[in-house]
Amino acid sequence: MNGSDERPLVIEAARIVDPSRSLDAVGTVVVSDGRVAAAGPDALNQGRPDGATVIDGKGLTVLPGLVDARVFIGEPGGEHRETIASASRAAASGGVTSILTMPDTNPVIDDVAIAEFVMRTARDTALVNVFPAAALTKGLAGKEMTEIGLLAEAGVKAFTEGRRTIADPALLRRIMTYARDFSAVVMHETQDALLAGKGVMNEGLFASWLGLPGIPGEAEIIPLERDLRLAALTGCRYHAAKISLGESAAVVAAAKRRGLAVTAGVSINHLALNENDVGQYRTYFRLSPPLRREEDRLAMVEALADGTVDIIVSSHDPQDTDDKRRPFAEAEAGAIGLETLLPAALRLHHSGAVPLMRLIEAMTVAPARLLGLDRGTLGPGAPADLVLVDLDRPFVFTEEHIRSRSKNSAFENARFEGQVLRTLVAGRTVFEAAG
Amino acid sequence: MIAPAQTTSPGRRHLLGIAGLSPQDITELLDLAEAEVAVSRQTEKKKSILKGRTQINLFFEASTRTQASFELAGKRLGADVMNMSVASSSVKKGETLIDTAMTLNAMQPDILVVRHHSAGAVALLAQKVACSVVNAGDGAHEHPTQALLDALTIRRRKGRIARLIVAICGDVLHSRVARSNIILLNALGAEVRVVAPSTLLPSGIAEMGVKVFRRMDEGLKGADVVMMLRLQRERMEGAFVPSVREYFRYFGLDAAKLDHAKPDALVMHPGPMNRGVEIASEIADGPKSVIEEQVEMGVAVRMAVIEKLLGTTGDGA
Chain A
1 MNGSDERPLV
11 IEAARIVDPS
21 RSLDAVGTVV
31 VSDGRVAAAG
41 PDALNQGRPD
51 GATVIDGKGL
61 TVLPGLVDAR
71 VFIGEPGGEH
81 RETIASASRA
91 AASGGVTSIL
101 TMPDTNPVID
111 DVAIAEFVMR
121 TARDTALVNV
131 FPAAALTKGL
141 AGKEMTEIGL
151 LAEAGVKAFT
161 EGRRTIADPA
171 LLRRIMTYAR
181 DFSAVVMHET
191 QDALLAGKGV
201 MNEGLFASWL
211 GLPGIPGEAE
221 IIPLERDLRL
231 AALTGCRYHA
241 AKISLGESAA
251 VVAAAKRRGL
261 AVTAGVSINH
271 LALNENDVGQ
281 YRTYFRLSPP
291 LRREEDRLAM
301 VEALADGTVD
311 IIVSSHDPQD
321 TDDKRRPFAE
331 AEAGAIGLET
341 LLPAALRLHH
351 SGAVPLMRLI
361 EAMTVAPARL
371 LGLDRGTLGP
381 GAPADLVLVD
391 LDRPFVFTEE
401 HIRSRSKNSA
411 FENARFEGQV
421 LRTLVAGRTV
431 FEAAG
Chain B
1 MIAPAQTTSP
11 GRRHLLGIAG
21 LSPQDITELL
31 DLAEAEVAVS
41 RQTEKKKSIL
51 KGRTQINLFF
61 EASTRTQASF
71 ELAGKRLGAD
81 VMNMSVASSS
91 VKKGETLIDT
101 AMTLNAMQPD
111 ILVVRHHSAG
121 AVALLAQKVA
131 CSVVNAGDGA
141 HEHPTQALLD
151 ALTIRRRKGR
161 IARLIVAICG
171 DVLHSRVARS
181 NIILLNALGA
191 EVRVVAPSTL
201 LPSGIAEMGV
211 KVFRRMDEGL
221 KGADVVMMLR
231 LQRERMEGAF
241 VPSVREYFRY
251 FGLDAAKLDH
261 AKPDALVMHP
271 GPMNRGVEIA
281 SEIADGPKSV
291 IEEQVEMGVA
301 VRMAVIEKLL
311 GTTGDGA
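Heads up: the sequence lines are chains A and B, in that order.
Start counting the first sequence at 1; every next residue gets the next number (full-length UniProt numbering).
Start counting the second sequence at 1; every next residue gets the next number (full-length UniProt numbering).
Hints are computed from structural coordinates only; laboratory data are not their basis.
Treat the hints loosely; a few may be bogus.
What the hints assert, rightly or not - Simulated restraints, written as ranges between beta carbons of each label pair:
(1) A:Thr321 to B:Asp25: 29 to 37 Å
(2) B:Gly238 to A:Ala167: 16 to 24 Å
(3) B:Asp25 to A:Ala193: 39 to 47 Å
Said to hold, decoys possible - Quick list of in silico lysine-lysine cross-link-like pairs, DSSO-like style, CA-CA up to 30 Å:
(4) B:Lys288 to B:Lys158
(5) B:Lys308 to B:Lys51
(6) B:Lys128 to A:Lys198
(7) B:Lys308 to B:Lys46
(8) A:Lys198 to B:Lys211
(9) B:Lys46 to B:Lys158
(10) B:Lys75 to B:Lys47
(11) B:Lys288 to B:Lys262
(12) B:Lys128 to A:Lys407
(13) B:Lys128 to A:Lys324
(14) B:Lys308 to B:Lys158
(15) B:Lys211 to B:Lys158
Stated by the list, open to error - If you only want the chain B side, here are some residues facing chain A, beta carbon under 8 Å, derived:
(16) Thr96
(17) Ala119
(18) Arg179
(19) Ser203
(20) Ile205
(21) Glu207
Note that beta-carbon positions come from the ideal geometry of N, C-alpha and C, so glycine has one too.
Bound-form chain A, shown alone:
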């Protein structure tokens, strides 16, 4: 999938937003041989390459392709929900050019052979760059650590238990200590399974009226605080994968102030939605962590704006319709999100809550740096992963926009401003909007 056989591409007169270089200016993007030759106001100084395809970018914006560091897929083992190929089509349509896939497949991605299978399948079938994350423990059983060294050597960029939280603090400490020696990134969702109990939504008045068991915020904060202490103890490169509470952000901010090499992510759902969206038992809004109070959503937006939260993820989580058309407490948690990550995030730009530069940074260069990728940038020589967007074009997101094999979107019939028109991966067009 390298673009060497493709003609050079020039996008003229577009607004270029490239947080990796703090660049926000009208200019030209020149793509050749699958790489960014130049992108900026002076990009045409060396002239337009011969035989280039020229796109008029007037009124449009070019962004680095998005890097989504939390994508659940179904391959291997759950291909009826999502394959690597279908996830990659969903990603391409949403302007996402690199995805970090979660290891909770069947079999679990916990050894080199399975990780290589995913990389190989991705090479053969995926439209976007696919980076499999590997499990922290064998079989995600929370007992024995995986071969972190060998997996990292094979190209695994991050380690995570997927939606699980390691309960045993002694084991987690040893994994973090060992991971440090390989400079491996440990990504961890923090939800205490015992404290969360049978809870299915955020604990509080709203859950109480619905008669649904609640999950207290402390179920997230307690293991998060534990993890941050272990990160301090071990010096591990720790990433809190999906925080959802104002108090969690405060805990991360305090750790950063102490100088710890920790980062944090938030899902787009927790920036755009709150517990009231559950309405009358709408199972597409059953998520993990659960959607929280509006105060928490606002706190997460603020934490994103001030950099306490480093990255935004889609937490794309395809679920079969049959597993969602159940009573709320019996439905699977999760929502797809690759198609809607960018347009939903742009709401924060349009509302003025988060500056565009910061917003795009959190979906491009910040996750790329976290994973050690040379992507998420339009710097000269970088792979030409980019997305052409009309930041202001309104549209209603409907089922026809869904490329994922599963349809469980929390944004069905949502109104967005900001539509992806074209997505390039290594210079090759992998998505073009109809019309």
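Dock chain B against the given chain A, drawing on the hints supplied.
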């Protein structure tokens, strides 16, 4: 009071909860139920208003009493009533709630009475069928006919609901009866109290339109109605309260605690009772108890609900 709005399906009429009913809706149902009480007390108890109609009682959770009450209600209105207990059959074989709903829907019932162990399940089922649906209890969410029968019992004894002090005591956390009663009693202007150990109260209870008490003597002081809730056996032995004897000591209704209520207070219980756990036998069987009357009102209220949902377009009368 903040109660989530009720889902309604246009074209069909359901009773999915008390939330969404206006005080006038409630009063009309209670008035109709009054008339049904008279029918039930006649020698000839059968009306023909629902002749030829089919009622299916679909119980995903066993309940002899509620099911019998709905069955009798349907039969007294002249409907053909079928009982289906799904708790032990097809659902265990992996059939989903939706599958079951579609299967029953194909049998062309006029009304489905549904109990399910999961909150929201009855509303979900109601979206998938072409007939009226009555919620006979969904998880810890709502049990609207219980609240209506409680209100009817109170109104017949006290002449009104407004301005009465009603103390709901016990396991409010897991109780759909409590939620439906809190909504209904507030709608009709009663002062609602809850009395329970904090482990048996839901989060945000103080914002649910009630006054919260942790001691029976304080919570029952001046009460017109004392409504006891059942404590499930698996919650008695250390999980939510330490022991039966400690629970009874502090929250079981006995003569000493009842003395704090008004002299003419009513004692109620949705049944089945755990004698010696939440209520002493002498109180359950005592002069202030209207527990048996609640059972009688249950049939009347369910007749009224079924008649109201099916009757206006009816042809059998």
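We went through each hint and held it up to the structure:
For the pair Thr321 (chain A) and Asp25 (chain B), the supplied restraint of 29 to 37 Å holds, since their beta-carbon distance comes to about 35 Å. The hinted range of 16 to 24 Å is satisfied by Gly238 (chain B) and Ala167 (chain A), whose Cβ atoms lie roughly 22 Å apart. The hint said 39 to 47 Å for the Cβ distance between Asp25 (chain B) and Ala193 (chain A), and at roughly 43 Å that hint holds. Taking the CA atoms of Lys288 (chain B) and Lys158 (chain B), the gap is about 13 Å. The hint holds against a cut of 30 Å.
Taking the CA atoms of Lys308 (chain B) and Lys51 (chain B), the gap is about 15 Å. The hint holds against a cut of 30 Å. The hinted pair formed by Lys128 (chain B) and Lys198 (chain A) meets the criterion: a straight-line CA distance of about 27 Å does not exceed 30 Å. Between the alpha carbons of Lys308 (chain B) and Lys46 (chain B) the distance comes to roughly 17 Å, so the proposed pair stays at or under 30 Å and holds. A distance of roughly 27 Å separates the Cα atoms of Lys198 (chain A) and Lys211 (chain B); the hinted pair therefore holds under the 30 Å criterion.
Restraint check for Lys46 (chain B) and Lys158 (chain B): satisfied, since their Cα atoms lie roughly 29 Å apart, inside the 30 Å limit. A threshold of 30 Å between alpha carbons decides the hint, and for Lys75 (chain B) with Lys47 (chain B) the separation of about 9 Å falls inside it, so the pair holds. A C-alpha spacing of about 11 Å is found between Lys288 (chain B) and Lys262 (chain B), which places the hinted pair at or below 30 Å, so the restraint holds. About 19 Å separates the Cα atoms of Lys128 (chain B) and Lys407 (chain A), which keeps this hinted pair within 30 Å; it holds.
Of the supplied pair hints, the one linking Lys128 (chain B) and Lys324 (chain A) holds, its CA atoms being roughly 15 Å apart against a limit of 30 Å. At roughly 25 Å between alpha-carbon atoms, Lys308 (chain B) and Lys158 (chain B) fall within 30 Å of each other, so this suggested pair holds. The hinted pair formed by Lys211 (chain B) and Lys158 (chain B) meets the criterion: a straight-line CA distance of about 22 Å does not exceed 30 Å. Residue-level restraint check for Thr96 (chain B) holds (minimum Cβ-Cβ distance to chain A is 7 Å; threshold 8 Å).
Annotation: Ala119 (chain B) was flagged as interfacial toward chain A, and the flag holds, the nearest CB pair being 4 Å apart, inside 8 Å. For Arg179 (chain B), the interface hint holds, since its Cβ comes within 8 Å of a Cβ in chain A; the closest pair sits about 6 Å apart. Given the 8 Å rule on beta carbons, the hint for Ser203 (chain B) holds: about 5 Å separates it from the nearest Cβ of chain A. Contact between Ile205 (chain B) and chain A, as hinted, is supported at the beta carbon level, the nearest pair being about 7 Å apart and thus within 8 Å.
At about 5 Å, the closest approach between the beta carbon of Glu207 (chain B) and any beta carbon in chain A falls short of 8 Å, and the interface hint on this residue holds.
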